[in-house]
Each structure stands twice: as C-alpha cells, then as structure tokens.
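Chain residues, written in single-letter form:
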Amino acid sequence: MKYIIAVIQPDRLDDVLQKLEEKEIHLVTVSSVMGRGRQKGIPAVYRSHKEAGSLLKKTKLEIAVNDDYVNHAVDAIIGGAQTGEIGDGKIFIIDLNECIRIRTQETGNLAIG
Amino acid sequence: MKRLMKIKNYKVLLTALLLLAGSAVLFAADAAPAAAPAAAAVAPAAAPAAAAIAPASKVNTGDTAWVLASAALVMLMTVPGLAFFYGGLVRKKNVLSILMQCFAIMCLISIHWVVIGYSLSFGPDVGGKGLIGSLSWAFLNGVGLEPHDFYATTIPHQAFMIFQCMFAVITPALIIGAFAERLKFSSFCVFTLLWATFVYDPLAHWVWANGGILGTAGGMGALDFAGGTVVHINAGMAALAAVLILGKRKGFPEKISPPHNLPFAVLGAGLLWFGWFGFNAGSALSANGLAASAFVVTHVGAAIAGITWAVMDYIFNKRPTVLGIITGAVAGLVAITPASGFVNLAGAFGVGIGAGVICYLSVAFLKPRFHYDDSLDAFGVHGIGGIWGAIATGIFATTSVNKDGANGLLYGNPGLLWIQIKVVLITMVFSFVVSFILFKLVDAVMGLRVSDHEERIGLDLSEHREAAYTILE
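Protein sequences appear in the order of chains A and B.
Here the first sequence is numbered in this note's numbering, starting from 1 and rising by one per residue.
Here the second sequence is numbered in this note's numbering, starting from 1001 and rising by one per residue.
Because the hints were derived from the structure by calculation, they are not lab data.
Each hint should be verified, as a subset may be incorrect.
Unchecked claim - Here are the computed lysine-lysine pairs in the DSSO-like style, where the Cα-Cα straight-line distance is at most 30 Å:
| id | chain 1 | residue 1 | chain 2 | residue 2 |
| --- | --- | --- | --- | --- |
| 1 | B | 1318 | A | 40 |
| 2 | A | 19 | A | 50 |
| 3 | A | 50 | B | 1403 |
| 4 | B | 1250 | B | 1367 |
| 5 | A | 57 | B | 1318 |
Unchecked claim - Some, not all, of what chain A presents toward chain B, calculated at C-beta under 10 Å:
| id | residue |
| --- | --- |
| 6 | 38 |
| 7 | 45 |
| 8 | 46 |
| 9 | 48 |
| 10 | 52 |
| 11 | 97 |
| 12 | 98 |
Note that the coordinates shown come from a computational prediction; the quantities given were computed from them, not determined experimentally.
Even for Gly, the Cβ is constructed at its ideal location relative to N, Cα and C.
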C-alpha cells in the first residue's frame, strides 16, 4: 500500500478529480493549503507595507492506494494538473503500513478500496 | 495566580463604579436645590407625549426628523461601521477584541454622556471662561423636549443631545486603531471614561459650546462644522500618545500578519461613509440647503480622496489596492468634516485631494521612518487628516455657502487660516498632553498592556475567552 500526497494548483483540482474517477480511484482527501515552491510567492502590500513571507494558495490531495493503483493515480494527477508552467506542483509517495476501515475493522488491501 | 487576577479585576470594577458614583455625588451636590424641579421635569415626560409637546410651536418637524435620523446614522458609524473597518484589519485572534471595544464604548460613553458628559460639554459655562460646562445638566436635568435657544432652535433639546451623544461615542472609538491588539480591556474601559471626561468633553465645550474659548460663539472664531478638531485631531493625538506609551506589538513590523478580512474592512468603510452623511449633513441641525450642501461636499470629498489614494498606490506600488481606496475615502471624510458646512464643490476637491496625498504620505513614509506602531493608522488617517481638514477649512471656506461661516485664504481672508492653525495647535497640544497623562495614570494604577503570552494567543481568547471563528465544527 502507498500513501500519495500531491500538491497542485487550486484551479486544477476539478480536472485531477475527474481523471482519478476515470481510473476508478474514488477515495481522496482534499485540503486547502498555503505553500511556496520554486516560483516563489507574490508579496502582498497593505498600506504600502510589503509582507515579508509570501505564500501562495495550493491544494493538497491525499490518496491511499494498493500498489497496483499507484501508477494510475500518478498518471491521473499529472494528467489533470500539468500545464507545463512553473508551479504545477509535486507528488510524494510514501509506504503505507496499515489501513483500517472503522466501520468493519477490515484491514490492509480490503480496507483501502 | 488566578486569585490574584480576580482581585485585580475587582479593583477595575471598583474604579469604574467609583467613577460613576463620583459623578452621581457631584450631581447630588450640585443639583440638590434643583432636585424638585428635576422630578417635576420627569413627570410630564411620562404623561402623554402630546401634552408635553403641544405648546412647543418652535419645533420644526422636518428638522427634528432629519437630526434624529442623522443621530441614528452616526450611531451606525461606530458599530458596525468602525468596528468592522478596524476588525477586518487586525489578525484573526484579535477581531473580537476590536468589536468588543467598539461595542463597549457605545454602552459606556452613552451612559457617561447622559450622566455628566453632555452637561460638561454643552452645559452652562462655569465662570464664563469658556473652559468647561457645569454639571447643572447632569442626568439631563433641564434638557427637555423644548428647543434650546442656542443649540437647538428648531428641534427638541434632547434631539440635539442624542445627536451629540453619537459623536462622543465614536471619538474614543477612533483611538482603538492605535492601541489595537495589545491593550487590556479593563484598562481600556477606565481610560475611555477618563478620556471622555477630561479630554473630549472640555474640547467639545471649547469649540461648540455657547461661549467656548475656541469656537464662533464668543471664542477665537475657529470654524469646525462637524468635528474636525473635537473628533478627529483629538482622537488622532490621543492615538499618538497611546502608541508612544504602549510601544509596538510583538514582532512589529516584519512579523505582523496582514489584515485578516479585507471584505470586513470594505463593509466597515462603506458603513462609515454612509453614516458620515448624518455626521456632516446632520450637523446643519436643519433639513435645509446647508445640510444638502454638506451632504454633497462630504460625498465628493470622500470620492476624490479614495481615487487619489488609489493613484498614489499605483505610483508607489504599481497596484491600486482595496485597502488603499477605502483608507483614502475615510481620510477624505475625516478632512471634509470641519469644512463640510463652509466649502463649495471646488473646496471639496481641494480638501479631498489634499487628504489623499497627505494621509498617504504619512502612512507610507512617516510611520516607517519613525518606527511607531500605530496599528491601524488612527493617527495617520484621523490625526493627520483632521489637521489637514481644519487647515483646509481656513483655505477653502466661503461665505457663499454659509453666511454664518467665514471666508478663507482663497476668498481673501488669510486671517481665518491663522485662526484655524492656532486652534489646530491648541487642540493638538491639549489632546496629546492630557491623553498622555491619562494613559500614564492608568498604566501606573492597573497596567496597560496584556502579558506577552496573552498577546501571543490573542486578545479574543485572553481577554474575552471567546473565538471569532471556528475552524473545526
């Protein structure tokens, strides 16, 4: 099992979700986050005071999948999020030790789907 | 530790109560012989209203309706106008403390006003020196439903009183912008009551009362239509005293987060603008041409100052900002306030453009240069804008708008400009010095700042045990 974390541009979320659906990956957690990559942020100015730390709005997806779904998920995220411009985001993949469905207490591969 | 805090809080409550009790005692001493008439005055008010008003032939219904509506408009300026304007500009963890301070001022000063404030400000002059009103109108004794032959010739005296009450409320509320995010609530309450008594009320008397030393009725002849000196310079100088005594917020300037809710600030600025029509046009105290003229120049002054600030933003920062345009509009409203009953359209343009440029420069360059933390620019906008407005009145005033006013510099009377400058200086010194003393006094007795820890977790939680927003359900 793998745990996939992707940070993408907020306006790409709908496309990424659609691509994931097409690959039959339905379980996903999405959150709104602030972050900064190589493209740096855009500093805001309030009454002529320039803000020091400039972060940009990003969207974070978290997906837990069985090993044979990893490539599908990565393809879907890239397919939906890639624009070719700087700031498209990143995908991180981590080994997942365990997964438990709270309702049935099923574990592992059974629980994850 | 907790016990100690409790005892401290007790002291605060006691101080506030003593202050109110003190005023009551003063009233009793002063008005002991008048106690019977006071009771008599209350009785008819309780009787059918028609009977009380019937002989008042001088009351003009149109004027009364306008002044009462204006009073309600000015009330709206403090809560929610100023509350949301300031509330949107602070960090999430302090927004409730701002709303609370504005709301508490509304409650505290309204009571203070009917108990002693109105009498100190507008009551019969003590000793004919034009310095302070006596307490003979305390508890609105003798302030009835008949017109007053100086202050309110065509409206019930109480209509004038309640209109003025809203001015007394918003003025200390403006100072909140200076000490936002670090002043203890208890100290804030005590300071506000002291400031109303020893700064606002005397100054209102000097400028507006019959026989006041600075005003047009037997004084130096300064023009202040709706409160440029009494409200804005006054609050602005108190703001400056506050920032000098309180010091900076932790992390200022690099580590202070941006305004947490600019849409709130826009909402607040819009409500301020809306309420300002009551503030300025209502100050005509009549539903007449002068009120219409004040309404027009108020609107134009705000509009041109808003655009001016946006243009300044564009020049210096390459982008016109939302916070900029609303700050500019407020600066324009501040500046047009003393001038609103004396200037024409050309004057409104002059006052508004000047406000946009001067206040912008003070906020963008003066503040960073001197490293003072005027959190929400109470001094930069109200102090500087008020000073400019009072001086601009001496430049742009014309008797063609108001025959009871005077001509300014551009209309061949440099003398008025000199009077305005003198009165600005007197107001600045008086307000700064007495506010400084009061802040020091409160600091010595009960402390002004919250602890570092409390400042870090925010005043909403530390002072009020509440949170404005729930992030989790």
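Each hint, compared with the structure:
no. : hint            : result
1   : B:1318 x A:40   : 19 Å, holds
2   : A:19 x A:50     : 39 Å, violated
3   : A:50 x B:1403   : 48 Å, violated
4   : B:1250 x B:1367 : 17 Å, holds
5   : A:57 x B:1318   : 22 Å, holds
6   : 38              : 23 Å, violated
7   : 45              : 5 Å, holds
8   : 46              : 5 Å, holds
9   : 48              : 4 Å, holds
10  : 52              : 5 Å, holds
11  : 97              : 27 Å, violated
12  : 98              : 25 Å, violated
This entry does not satisfy hints 2, 3, 6, 11, 12, going by the numbered hints stated previously.
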